[in-house]
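Undergrad: Residue numbers (UniProt numbering), protein chains in the order written: chain A, 1 to 562; chain B, 1 to 165.
None of these hints come from the bench; they were simulated from the model.
Please note that a few of the clues may not be correct.
With a straight-line cut-off of 27 angstroms between C-alpha atoms, the simulated BS3-like cross-links for lysine-lysine are [what the hints assert, rightly or not]:
| hint | chain 1 | residue 1 | chain 2 | residue 2 |
| --- | --- | --- | --- | --- |
| 1 | B | 130 | A | 306 |
| 2 | A | 139 | A | 13 |
| 3 | A | 139 | B | 66 |
| 4 | A | 129 | B | 72 |
| 5 | A | 13 | A | 63 |
| 6 | B | 111 | A | 180 |
| 7 | A | 139 | A | 106 |
| 8 | B | 72 | A | 139 |
| 9 | B | 111 | B | 130 |
| 10 | B | 130 | B | 66 |
| 11 | A | 139 | B | 162 |
| 12 | B | 90 | B | 72 |
| 13 | B | 90 | A | 63 |
Nothing here was measured: the structure is a model prediction, and the numbers come from that model.
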Amino acid sequence: MTGAQAVVACLEKEGVELIFGYPGGVVLPLYDALYDSSIRHVLTRHEQGAAHGADGYARATGKVGVCFATSGPGATNLITGIATANMDSVPMVCITGQVVMPVIGKDSFQEADITGITAPITKHNYLVKNPADLPRILKEAFYIARTGRPGPVVVDIPKDIFTATIDFVYPEEVKLRGYKPLFAGQAEQVDALAEALSKASKPLLFIGGGVISAGASADLVRLAETYEIPVISSLMALGAMPTDHRLHLGMVGMHGTVAANLAVMNCDLLIGVGARFDDRVTGKITHFAPNARIAHLDIDPAEIDKNVRTHLRVIGDLAWSLPTLQQSLARYDFVVEKHTAWLNQVVQWQTDSPLTYQASETVIKPQLVIQELNRLSEGRGLVVTDVGQHQMWTAQYHRFSRPRTLLTSGGLGTMGFGLPAAIGAQLAFPDELVTLISGDGSIMMNIQELATIVEHQLPIKVAILNNNALGMVQQWQRMFFNQRYSHSSFGVGASDYVKIAEAFGATGLRATTPGELTEVITQALAINGPVVMDIHVCAEENVLPMVPAGASLDQMIEGGVG
Amino acid sequence: MRHTLAVLVENHPGVLVHVAGLIARRAFNIESISAGHTEEPDMTRITIVVEGDDRDLNQVVNQLSKLVDVIKIIDLTQEPSIERDMALIKVKARAETRSHIVDIVEIFRAKIVDVNRETMVIELTGEESKIDALCEVLQDYGIVEMVRTGKIALARRPGAAKDDE
Ligand SMILES: Cc1ncc(C[n+]2csc(CCOP(=O)(O)OP(=O)(O)O)c2C)c(N)n1
């Protein structure tokens, strides 16, 4: 068979059911081979949409997302999507076409050094130079993408490899000397942590996205419940523990809850679980958890001691380390009452300083939009966001009850992620409600994907929190740049999102008052097709609490009175 | 502190760029880097000298270990090893200074590998400090140009690094 047919055969062997992509010159042989396959291909309207689409599919399902792009501009259009997936450890295989081998390195038409460009933003990448290597390389690519700490893998394939003839044998196993993802780690490390935990009186579990990618949410909840340990989440961990769980204090960090941030400042043992200790979480690093011993459980040894110095570490898959910790703790006569005073304290913080905002009867408060979306959808389905204030309000005010129900670009903070990622999520779960919460800035970054949504009649509900501005930018300008709103509003250039929706063939609805808001959301949820809600929100609102960049977590600017 | 790392990698295209790029991006200073074939045809050995404290070094080692093409990393600073650097030094050598230079070459157990009317080329293999010392002395005669390989190193103990657990 041809190299192109071999690629398709490999994808079939890997159980791939969905590809996002965009054709062009050098991948025409690949697309020709795909014509005969039963694998579904979704033609996005931009390669960035294909990358985020595969990413959204992967985040929603835990499976490897797949996208195709042609050489040169097709491949470079994937870059933001690849970097986004890399920062959030999302498993993806991106197949790019390359110019024919004899002209590589000659600045040929539509040539770009895609393995060079993506080296720092992929888990691994390949340039295929021998057609016989194709099956092995694709087998490895999927294996690397999904095992260990997941991540994106790029396979760059020259056109003459697609057209070469090969004997197709899909390898049974992967042999990589330099890549051996570990599952189980060292039991002694777990025992040392158990010992520390048995002695702590103010323990705190800080969870990250790793809990979700390891599928260890249930283990985490069990650990917290058995030993009455409060839990705080990074943005990426939301959903791992139900928002309303009595032990969950909410999100920590720059826009975290008062209770979560004060818990960090006052705990005596902080246990990071599958989290990166990102600067948006820690605030001023030298003042992070000043009274605590810090423990870190992670699959990636390179995360240990990268940002904070730890006293205890457990390297291994969380699906191994959390249950092992639970077993190890069983050896101690644990008096859960030892944590009662601490629990009362954190609950007190929660009661004293809940998330609040000043309600209004005339203008729509953005926080209210999130609350109404949550209430009227009864917390069903998956929520996707873009990046900005609306993203933070979603994290603060939406309730999540299970893992993989909030899809958001955390590490890279990519505006434009939302719409294509929502497509990936909806295609993965056709019967689930998929809601995109976006801003009028972000939505325009991949608005062309409305065409994809309409083509496939995906019943995605898009809520644009329209403040006619780059809200998060303006918040910083308001708070730290003397209200000098340099180039952050759209002025008279504001677009009519209802008309845009209609032009693409979706339903457009508009709400400008709190009364209309409820009506519009109810109406949208009743429509069995794509809907765009243009919701005019009050523009002067700040996301609070806020820990200014570089301050410590107890230096919060708190919210207005409720 | 300076650390000498032996990095065993798959002999794949781009791997050297990958390794060097990663170190640079994580803001470590590479003092020298040298790569070459090994006892196995599909394995390359890169010797890297980096400057940084122990925590920094752990980060470099952990980050490098994540590269799929990196097979193994050994910190040779931690154990007895043989370290060598080689230099080729072209120095000004007129009739009247030539014999002085020959004496110096003798003392350092270096070799003269090329001579012409105006210059000679000296080869010296040894520890870095020895090469530094020779350069210092030759400075007085005028070094026209020079090249160094960067440090390479091998552990003294029996057995190969690649077989370590
Ligand atoms: C691709 C990209 N460019 C720029 C930024 C910087 N940025 C962060 S938030 C933001 C404003 C987002 O505006 P909008 O989507 O309207 O959301 P809002 O903050 O108003 O809710 C900008 C420009 C970014 N995160 N991503």
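Undergrad: Confirm or reject each hint.
TA: Against the structure, the hints:
Restraint check: the Cα-Cα separation between residue 130 of chain B and residue 306 of chain A comes to about 37 angstroms, which exceeds 27 angstroms; the hinted pair is violated. Proximity of residue 139 of chain A to residue 13 of chain A is assessed by CA-CA distance (about 9 angstroms); at most 27 angstroms being required, the pair is judged to hold. This hinted pair checks out: residue 139 of chain A and residue 66 of chain B have alpha carbons roughly 19 angstroms apart, not beyond 27 angstroms. This hinted pair checks out: residue 129 of chain A and residue 72 of chain B have alpha carbons roughly 25 angstroms apart, not beyond 27 angstroms.
At most 27 angstroms may separate the alpha-carbon atoms for a hinted pair to count; residue 13 of chain A and residue 63 of chain A meet this at roughly 14 angstroms. A threshold of 27 angstroms between alpha carbons decides the hint, and for residue 111 of chain B with residue 180 of chain A the separation of about 47 angstroms lies outside it, so the pair is violated. About 30 angstroms separates the Cα atoms of residue 139 of chain A and residue 106 of chain A, which puts this hinted pair outside 27 angstroms; it is violated. Pair hint residue 72 of chain B plus residue 139 of chain A holds up; C-alpha atoms about 23 angstroms apart against a cutoff of 27 angstroms.
Distance check on the hinted pair: residue 111 of chain B and residue 130 of chain B sit about 14 angstroms apart at the alpha-carbon level, within 27 angstroms; holds. With a C-alpha separation of about 36 angstroms, the suggested pair residue 130 of chain B and residue 66 of chain B falls outside the 27 angstroms cut-off, and the hint is violated. For the hint linking residue 139 of chain A to residue 162 of chain B, the alpha-carbon distance of about 25 angstroms falls within 27 angstroms, and the restraint holds. At most 27 angstroms may separate the alpha-carbon atoms for a hinted pair to count; residue 90 of chain B and residue 72 of chain B exceed this at roughly 37 angstroms.
For the given pair, residue 90 of chain B sits about 60 angstroms from residue 63 of chain A by alpha-carbon distance, which is inconsistent with the 27 angstroms threshold.
In this structure, the hints that do not hold are numbers 1, 6, 7, 10, 12, 13, in rising order.
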